[in-house]
Amino acid sequence: MLTVERVEKSYRTGGLFARRRKQVLSGISFEWKAGECLGIIGESGSGKSTLGRLLLGIERPDRGSVRWEGRPADERRARRGSVSAVFQDYTSSIHPFFTVEKALMEPLTLRNKRAAIDSRRIDRLLEQVGLDSSYRNKYPHELSGGEAQRVCIARAVATEPRCILLDEAVSSLDGSVQVQVLDLLRSLKTAYDMGYIFITHDIQAAAYLCDRVMIVRDGRIEETVDVDRLRDVQSPYAKKLLDMVMA
Amino acid sequence: MRWLRPIGQDKLAALSLFLISTTLFAGLFAPFLAPHAPDEVHMELRFAAPSWEYWLGNDQLGRCVLSRLLYGIRPSVLWVGVALALSAGIGTIVGFVAGYFRGATDAVLMRICDGMLSFPGYVLTLAVIGILGVGLENILIAFALMKWAWFARVIRTSVRQYADSDYVRFAKTLGFGDVRIMARHLVPAALPDMAVAASSTFGSMILQISGFSFLGLGIQAPHAEWGMMLNEARTVMFSKPELMLAPGIAIILVVSAVNYLSDSLQLALDPRLATSRRAPHSRTVAESAKLQGSEVA
Numbered sequence: 001m002l003t004v005e006r007v008e009k010s011y012r013t014g015g016l017f018a019r020r021r022k023q024v025l026s027g028i029s030f031e032w033k034a035g036e037c038l039g040i041i042g043e044s045g046s047g048k049s050t051l052g053r054l055l056l057g058i059e060r061p062d063r064g065s066v067r068w069e070g071r072p073a074d075e076r077r078a079r080r081g082s083v084s085a086v087f088q089d090y091t092s093s094i095h096p097f098f099t100v101e102k103a104l105m106e107p108l109t110l111r112n113k114r115a116a117i118d119s120r121r122i123d124r125l126l127e128q129v130g131l132d133s134s135y136r137n138k139y140p141h142e143l144s145g146g147e148a149q150r151v152c153i154a155r156a157v158a159t160e161p162r163c164i165l166l167d168e169a170v171s172s173l174d175g176s177v178q179v180q181v182l183d184l185l186r187s188l189k190t191a192y193d194m195g196y197i198f199i200t201h202d203i204q205a206a207a208y209l210c211d212r213v214m215i216v217r218d219g220r221i222e223e224t225v226d227v228d229r230l231r232d233v234q235s236p237y238a239k240k241l242l243d244m245v246m247a
Numbered sequence: 001m002r003w004l005r006p007i008g009q010d011k012l013a014a015l016s017l018f019l020i021s022t023t024l025f026a027g028l029f030a031p032f033l034a035p036h037a038p039d040e041v042h043m044e045l046r047f048a049a050p051s052w053e054y055w056l057g058n059d060q061l062g063r064c065v066l067s068r069l070l071y072g073i074r075p076s077v078l079w080v081g082v083a084l085a086l087s088a089g090i091g092t093i094v095g096f097v098a099g100y101f102r103g104a105t106d107a108v109l110m111r112i113c114d115g116m117l118s119f120p121g122y123v124l125t126l127a128v129i130g131i132l133g134v135g136l137e138n139i140l141i142a143f144a145l146m147k148w149a150w151f152a153r154v155i156r157t158s159v160r161q162y163a164d165s166d167y168v169r170f171a172k173t174l175g176f177g178d179v180r181i182m183a184r185h186l187v188p189a190a191l192p193d194m195a196v197a198a199s200s201t202f203g204s205m206i207l208q209i210s211g212f213s214f215l216g217l218g219i220q221a222p223h224a225e226w227g228m229m230l231n232e233a234r235t236v237m238f239s240k241p242e243l244m245l246a247p248g249i250a251i252i253l254v255v256s257a258v259n260y261l262s263d264s265l266q267l268a269l270d271p272r273l274a275t276s277r278r279a280p281h282s283r284t285v286a287e288s289a290k291l292q293g294s295e296v297a
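Chain order of the listed sequences is A and B.
Residue numbering for the first sequence follows UniProt numbering, starting at 1 and increasing by one per position.
Residue numbering for the second sequence follows UniProt numbering, starting at 1 and increasing by one per position.
One chain only, chain A, in its complex shape (with noise of 0.2 Å):
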């Protein structure tokens, strides 16, 4: 379960001794229990993907705590293996020196220090995002947009976390792919049994895949509410969102 409570964070605008700092994120307080699958959405510039940053443990909000189990996100041991993410540019999700199997060999290598991992194992992994085990030795320059995020899904999915964490996983690809990549995250959530945070500025995705929404306007919460009942939001921000997808 992950717990955020009262969440700011600000960045420094100039240089280093520069007084004058950008909030980013204000008073954010919400809750992801196991198995959910949250979207985050907003307008570029929201402040979704700072929150992102924040949820992975990768930067540290200002004030506030963003825990995992009631332990800080920032603290590397609590979120080893619970916690794993696929973001947005595909083009630099993967090391461009690794091979396809070196990449999932990674996340492997955290749990099996010794690096003896079974190698059915990886292309396991690579059949359940649908792509075959002749994907091994490609380098990413090699794959297309579709396959690489494939391969990065395959990756976080490595670890049985317990939550994913998508940044804007589907934004960059293509129409029929975006839905593919969906599908494919529909199947793996009841397979491994674990939850998303879906940030992205789509509704429509969000809608396909989540359970509930939460609208993020100027780094504060304008609204959440469950996707069934995505009609009925009461803020104007949400309301215009809204409209503007349906027309």
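If you're looking for bench data, these hints aren't it; they were derived computationally from the structure.
Keep in mind that this is a model prediction, so the values were computed, not measured.
A hint or two may mislead.
[Said to hold, decoys possible] In silico EDC-like pairs for lysine to aspartate or glutamate, Cα to Cα no more than 20 Å straight-line:
no., chain 1, residue 1, chain 2, residue 2
1, B, K11, B, E242
2, A, K189, A, E160
3, A, K22, A, E69
4, A, K102, B, D270
5, A, K189, A, D211
6, A, K138, B, D270
Model the placement of chain B on the given structure of chain A, informed by the hints.
Same frame as chain A, but now just chain B:
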């Protein structure tokens, strides 16, 4: 060794590697390989032309040019290599720390680098020689002190670029330590840049050491050093210009070999470049097939 294979295919790189390793070997084993003692004077053989006993002839004191060339490898190539490794090592560590951790660490380290870089290199080397005295080791100390800042700059830029990428973020998410992330992800990515920076500095260091010896600030006579051999040949530049050939060609060969090798090392390390080099082969086959098809039509 994955990267050794493409070097074997690249003839120029293979030749460069061979040349460099032969040079290093010859420098290490100079006492066994040199036909004569490097400072053995034979006044009767002054400016003698190449002969079976003295392959490259004799200099103004009748010393064997070949032996002096072989002994000269030590200061000109081996010690320069040590100074290079030292400054590249310091620069790499500083560059990685600054580029990876950013923020205040980065700012402080880079201001120190700016301070170092604001002194012109030659002048500071001269100043260090002025303080510590004339001699090879002091020049090498000055080099190590001067050049690390430049390395740090280059490597920091390259690390910064990769430290932002999603694969590093993913490794951080998984909970790998910073040192492991740097070793596994950033070192391979930054290695081509490091190789190019180091090789170009190696060339300029050899030339600078030669330059300082030429000015009489480096190696002291009667020890052999390539730059000093050039300097000695300079006095008879018009009557015996061939004396400049041996050290001059040696410097040019070693410097170009290092540069060519680092170039192809860069190609060998990066799989993206490797396939783009391999690909045209298969593509031409496909293209010619297509051409035939259209010709038939």
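| message | So if I understand the rule, the pair passes when the alpha-carbon distance is 20 Å or less; does K11 of chain B with E242 of chain B pass? | response | Distance of about 30 Å is beyond 20 Å: violated.
| query | Regarding the pair K189 of chain A and E160 of chain A, is the alpha-carbon distance no greater than 20 Å? | reply | Given pair K189 of chain A, E160 of chain A holds - Cα atoms ~11 Å apart, limit 20 Å.
| For the pair supplied as a hint, K102 of chain A and D270 of chain B, is the alpha-carbon distance within the 20 Å limit? | Since the Cα atoms of K102 of chain A and D270 of chain B sit roughly 15 Å apart, the hinted pair holds (cutoff 20 Å).
| Hey, K138 of chain A versus D270 of chain B, does the alpha-carbon distance stay inside 20 Å? | Satisfied, since the Cα-Cα distance of roughly 14 Å is no more than 20 Å.
| query | Holds or violated: are the alpha carbons of K22 of chain A and E69 of chain A at most 20 Å from each other? | reply | Not satisfied, since the Cα-Cα distance of roughly 30 Å exceeds 20 Å.
| said: Hint check: K189 of chain A vs D211 of chain A, CA-CA at most 20 Å. Holds or violated? | reply: Holds - the C-alpha atoms of D211 of chain A and K189 of chain A are around 12 Å apart, at most 20 Å.
When the structure is compared with the earlier hints, violations turn up for hints 1 and 3 and for no others.
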